[in-house]
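J.: Here's the letter readout for the chains.
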Amino acid sequence: MIKFEQVSKIYSGGQKALSDVSFHIQKGEMAFLTGHSGAGKSTLLKLMTVIERATTGTVSINGHNIAQVKPKQVPYLRRDIGMIFQNHHLLMDRSVFDNVALPLVIEGFSHGEIRKRVAAALDMVGLYGKERHNPIMLSGGEQQRVGIARAIVNKPLLLLADEPTGNLDPKLSMDILRLFETFNDSGTTVLIATHDLGLIARMKYRTLTLKQGRIHGAMELDAESFLD
Amino acid sequence: MSITPQINRSKLPLSGRIVMFFMRHIQQSMASLGELWRNPISSIMTMAVLGVSLSLPAAMQVLVKNAQEIVQSWDSAAEISLFVKQDQTDQAIQSLLARVKAFPEVNGVHYIDREQALTEFKKLSGFGEALDYLDSNPLPAVITVTPSAEFSSPAGARALLQKLEQQPEVSFGKLDVEWLERLQAIVNLLERTVFAVASLLILAVVLVIGNTIRLAIMNRRSEIEVMKLVGATESFIQRPFLYTGMWYGVIGGILAWLIVNIMVFFLEGALVNLLNLYGSQFNLSGLGLADLIELVVVASFLGWLGSYLSVKQHLKRIEPN
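Chains as they are written, first to last, in the numbering used here: chain H, 1 to 228; chain S, 1 to 321.
Possibly wrong hints are sitting among the right ones.
[What the hints assert, rightly or not] In silico DSS-like links for lysine-lysine, alpha-carbon gap of 27 Å or less:
1) S:K312 x H:K70
2) H:K16 x S:K316
3) S:K174 x S:K123
4) S:K316 x H:K70
5) S:K312 x H:K46
6) H:K72 x S:K101
[Unchecked claim] Far from chain H by the CB rule (all over 10 Å, computed), these chain S residues:
7) V62
8) V64
9) E69
10) F83
11) L124
12) G126
13) F127
14) S136
15) Q166
16) F195
17) A196
18) V208
19) Y308
20) L309
21) Q313
Derived from the structure by calculation, the hints contain no laboratory data.
From the three backbone atoms N, C-alpha and C, an ideal C-beta is built for every residue, glycine too.
Work out the full structure: start from the sequences and follow the hints.
T.: What follows is the structure in structure tokens.
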């Protein structure tokens, strides 16, 4: 689902963000991405969502070589990826319903279908009945769950979460992680970037560790991409 | 990992996509109108500026339209005088008259023979007695020719004059259209001026709308970023802004129409009074329903254009980071 082959990224200012990164996350897998701030986690996620493009090497998402994706195709690629952000990226002047419905509106679903799917997504994250609220009236944890509902409402193949538990207490963080596990159980590939090592330690998933733009440790190596 | 070389354009079937395409356009155009309704203060200011800017070219249009009407009614005043050579026999003159009458460009002829010309001259010039001392009548016979409608414009009448002068019996012809040509030149100048000023004001309309849309884009920066992140295409994001620009144009156009008609109503009484003093029957015509439609179509296109230019320039710069 996600395949990096000798990927390097140097920003235009000469700042080296990633060097020679290779890994492969299988379809249906759930994995963590950790590292100190500045280690290149954000850059890695930006390469996957085509916000940035790799300087050298190949990034493939769901079989598409990103380097060959034209700017006009980027929106369609992103529709297959559910993204969750630490600062939620919600529209504060719109209702919870409008926020969650946004990907469906963009896709062009009918009104009835949108209502059904939004209700299902909100139900899944435990916010059923809060459609008419504004995100500003909700707590941090609830806002995060609105963001999650928006990410999954379109049933994406891949879920990317950037510090989804950043501002939450351990109990809420655990709830959110359990939520990701349910999505993973239904076949969605999940990659969670976090620096919350305590959280990762309690779970048995593969962990990619970034240090100064390089992958560290043995756990991230997967046989297929490194034996050749 | 499944290899799917083609990126899914949409998850909907073709028929659903076509229906949704129109649904979306209607929804977004209505949403844009609703957006203007919800922020009345800023949108009213913009619309007022557009209305005033558009009303000036529209008012000038009224001016030109009325001026042309007046000039046209004077156009038919053109008349050609042909002076017949001295030594022509009556028979030759009669044949000339018949030939000229048969010209398709000619509406009518009036013949004044030498005797009549002399009597007339005596009467009008005041030289009456003195002329009796002449041995012979020095005046030529004259044929006055009234051109048909198509040939009564200065250029047409001039062409006809040339043709008539080629007749062997004709000594020379005279066409008194200089004043008409001057008037037409003035109207031409007026038209040019209107065109130049209107172009500037139209440019102003495009710029005002462009700037308004630019501000709207800046205000919704974070929303645009989020939309790009969840897979909205450029055309989806820009559509509401294009519709907003169009609505500005539509309402600005209607305002301009109202302003001009109020102005015409205000001026009409005074102008008609003035023209009546000169003994002229004249009605000042304002802008009708067809003009309203024309104005709204042009204005909405300008609105669309202004916002298109703005969107093309500013939307690309907003990228999620």
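J.: Taking the hints in turn, state whether each one holds.
T.: Now for the hints, and whether the structure bears them out:
This hinted pair checks out: K312 (chain S) and K70 (chain H) have alpha carbons roughly 18 Å apart, not beyond 27 Å. For the suggested pair K16 (chain H) and K316 (chain S), the alpha carbons sit about 26 Å apart, so the restraint of at most 27 Å is met. Note on K174 (chain S) and K123 (chain S): the hinted pairing holds, with a Cα-Cα distance of about 22 Å set against a maximum of 27 Å. As the CA atoms of K316 (chain S) and K70 (chain H) are separated by approximately 15 Å, the hinted pair is consistent with the 27 Å bound.
A threshold of 27 Å between alpha carbons decides the hint, and for K312 (chain S) with K46 (chain H) the separation of about 24 Å falls inside it, so the pair holds. Between K72 (chain H) and K101 (chain S) the CA atoms are separated by roughly 73 Å; this puts the pair beyond 27 Å, and the hint is violated. No beta-carbon of chain H comes within 10 Å of the beta-carbon of V62 (chain S); the shortest separation is about 44 Å. No beta-carbon of chain H comes within 10 Å of the beta-carbon of V64 (chain S); the shortest separation is about 47 Å.
With a closest Cβ-Cβ approach of about 53 Å to chain H, E69 (chain S) is found to remain outside the 10 Å limit, as its non-interface label requires. The beta carbon of F83 (chain S) is kept farther than 10 Å from every beta carbon of chain H, the shortest such distance being approximately 78 Å. The claim that L124 (chain S) is not at the interface with chain H holds, since no C-beta of that chain comes within 10 Å of its own (minimum 84 Å). With a least beta-carbon separation of about 89 Å from chain H, G126 (chain S) lies farther than 10 Å from that chain, consistent with its non-interface assignment.
Non-interface status of F127 (chain S) relative to chain H is upheld: no Cβ of that chain comes within 10 Å, the nearest being about 91 Å off. Once the 10 Å rule is applied to beta carbons, S136 (chain S) is consistent with being away from chain H; the minimum gap is 94 Å. Listed as a non-interface residue, Q166 (chain S) keeps its Cβ farther than 10 Å from every Cβ of chain H; the least gap is roughly 70 Å. No Cβ of chain H approaches the Cβ of F195 (chain S) within 10 Å, the least distance being about 40 Å, so the stated non-interface status holds.
Every Cβ of chain H is farther than 10 Å from the Cβ of A196 (chain S); the closest lies at roughly 41 Å, confirming the non-interface assignment. Consistency note on V208 (chain S): stated as away from chain H, and its beta-carbon is indeed over 10 Å from all of that chain's, at 26 Å minimum. The Cβ of Y308 (chain S) lies farther than 10 Å from every Cβ of chain H, with a closest approach of about 18 Å, so its non-interface assignment holds. No beta-carbon of chain H comes within 10 Å of the beta-carbon of L309 (chain S); the shortest separation is about 20 Å.
The non-interface label for Q313 (chain S) is consistent with chain H: the shortest C-beta to C-beta separation is roughly 17 Å, beyond 10 Å.
Violation of the numbered hints given earlier is confined to hint 6; every other hint is satisfied by the structure.
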